[in-house]
Amino acid sequence: GVKIYASCKKTFVHKVEKQLRYIKNFSLITATVLYRPINHLYKMIFTSFISVTRSEKTSDDLFITLTSFEQILHPALNRHFLIDVFGQIMDMGEIKTVLTRRKFNFIFVMRNLFKLFMWIIVTNDWPVVCGEDLLNRFVLLAMKVIQFLFAKINIYKGELQVTISFESSKILINAPLPEVTAFKN
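So the working numbering is basically just the index in the sequence shown, starting at one, shifted up by 290.
Source of the hints: derived by calculation from the structure; they are not laboratory data.
By construction, the Cβ of each residue, glycine as well, lies at the ideal position given by its N, Cα and C atoms.
Some hints here could point you the wrong way.
Only pairs whose alpha carbons sit at most 30 angstroms apart, straight line, appear in this in silico DSSO-like list of lysine-lysine [what the hints assert, rightly or not]: (1) Lys460 / Lys333; (2) Lys442 / Lys333; (3) Lys347 / Lys300; (4) Lys347 / Lys314; (5) Lys299 / Lys347; (6) Lys460 / Lys442; (7) Lys293 / Lys474; (8) Lys333 / Lys293; (9) Lys299 / Lys460; (10) Lys300 / Lys333; (11) Lys333 / Lys314; (12) Lys460 / Lys447; (13) Lys293 / Lys447; (14) Lys299 / Lys333; (15) Lys460 / Lys314; (16) Lys474 / Lys442; (17) Lys333 / Lys347; (18) Lys300 / Lys314.
Derived Cβ-Cβ restraints for the label pairs, each shown as a range [as the list claims (entries may be wrong)]: (19) Glu449 / Val303: 19 to 27 angstroms; (20) Ser345 / Leu450: 35 to 43 angstroms; (21) Leu450 / Thr355: 13 to 21 angstroms; (22) Ala472 / Asn315: 40 to 48 angstroms.
Sequences and hints are given; from them, build the entire structure.
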């Protein structure tokens, strides 16, 4: 099979995430959103008539399609698709807190001399922390390989940036991927 973009209500996510499922009675529409996770032409919509059952099949695959730094820097990369990227934090800039939007702004310089600009949206799942506590949490990540899933590519003031700004974005630390193991060695 291939990966397909799907959307469902937040209250339904716990029924379908992290395991393989059989899904029946869904709708397909043309995927036209500005930022989407894959380049599949269609998007799956979960309706009230959907049937979701457990699958006996298992998989350790994280279903990640890593985008290389070279691909990110290439002008032909379609910036309307969200990407998965990883790197190691080499330097971290000033942390700015934007309280009106409940966001924190971090600037990381990743290995391969690529500057990663990162917005983290503070949600109910993430405790609101500020100042030194927040800095200490991210300094601990400096020696680890960090993966950013469903990140957006922007050009801001002429500078290429990878931005984590959607609630669907995820951050993984030392994920069990062959590419990460090779990168660490």
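We went through each hint and held it up to the structure:
Our distance criterion of 30 angstroms between C-alpha atoms is met by Lys460 and Lys333, whose separation comes to about 20 angstroms. Distance restraint check for Lys442 and Lys333: the Cα-Cα separation of roughly 19 angstroms lies within the 30 angstroms cut-off, and the hinted pair is therefore satisfied. This hinted pair checks out: Lys347 and Lys300 have alpha carbons roughly 25 angstroms apart, not beyond 30 angstroms. A hinted pair counts as satisfied when its Cα atoms are at most 30 angstroms apart, and Lys347 with Lys314 qualifies at roughly 17 angstroms.
Distance restraint check for Lys299 and Lys347: the Cα-Cα separation of roughly 25 angstroms lies within the 30 angstroms cut-off, and the hinted pair is therefore satisfied. For the suggested pair Lys460 and Lys442, the alpha carbons sit about 12 angstroms apart, so the restraint of at most 30 angstroms is met. Between Lys293 and Lys474 the alpha-carbon distance is near 28 angstroms, which keeps this suggested pair within the 30 angstroms criterion. Restraint check for Lys333 and Lys293: satisfied, since their Cα atoms lie roughly 10 angstroms apart, inside the 30 angstroms limit.
The suggested pairing of Lys299 with Lys460 holds, with an alpha-carbon distance near 18 angstroms, which does not exceed 30 angstroms. At most 30 angstroms may separate the alpha-carbon atoms for a hinted pair to count; Lys300 and Lys333 meet this at roughly 17 angstroms. Annotation: proposed proximity of Lys333 to Lys314 holds, straight-line Cα distance about 15 angstroms (limit 30 angstroms). For the hint linking Lys460 to Lys447, the alpha-carbon distance of about 25 angstroms falls within 30 angstroms, and the restraint holds.
For the hint pairing Lys293 with Lys447, the CA-to-CA distance comes to about 34 angstroms; that exceeds 30 angstroms, so the pair is violated. The hinted pair formed by Lys299 and Lys333 meets the criterion: a straight-line CA distance of about 14 angstroms does not exceed 30 angstroms. At roughly 27 angstroms between alpha-carbon atoms, Lys460 and Lys314 fall within 30 angstroms of each other, so this suggested pair holds. The suggested pairing of Lys474 with Lys442 holds, with an alpha-carbon distance near 24 angstroms, which does not exceed 30 angstroms.
Proposed proximity of Lys333 and Lys347 is supported: the alpha carbons are some 23 angstroms apart, at most 30 angstroms. Taking the CA atoms of Lys300 and Lys314, the gap is near 19 angstroms; set against the 30 angstroms cutoff, the hint holds. The hint said 19 to 27 angstroms for the Cβ distance between Glu449 and Val303, and at roughly 34 angstroms that hint is violated. Range check, Ser345 to Leu450: about 40 angstroms between beta-carbon atoms, so the 35 to 43 angstroms window is met.
With their beta carbons about 20 angstroms apart, Leu450 and Thr355 fall inside the hinted range of 13 to 21 angstroms. For the pair Ala472 and Asn315, the supplied restraint of 40 to 48 angstroms holds, since their beta-carbon distance comes to about 42 angstroms.
Violated hints for the displayed structure, listed by number in ascending order: 13, 19.
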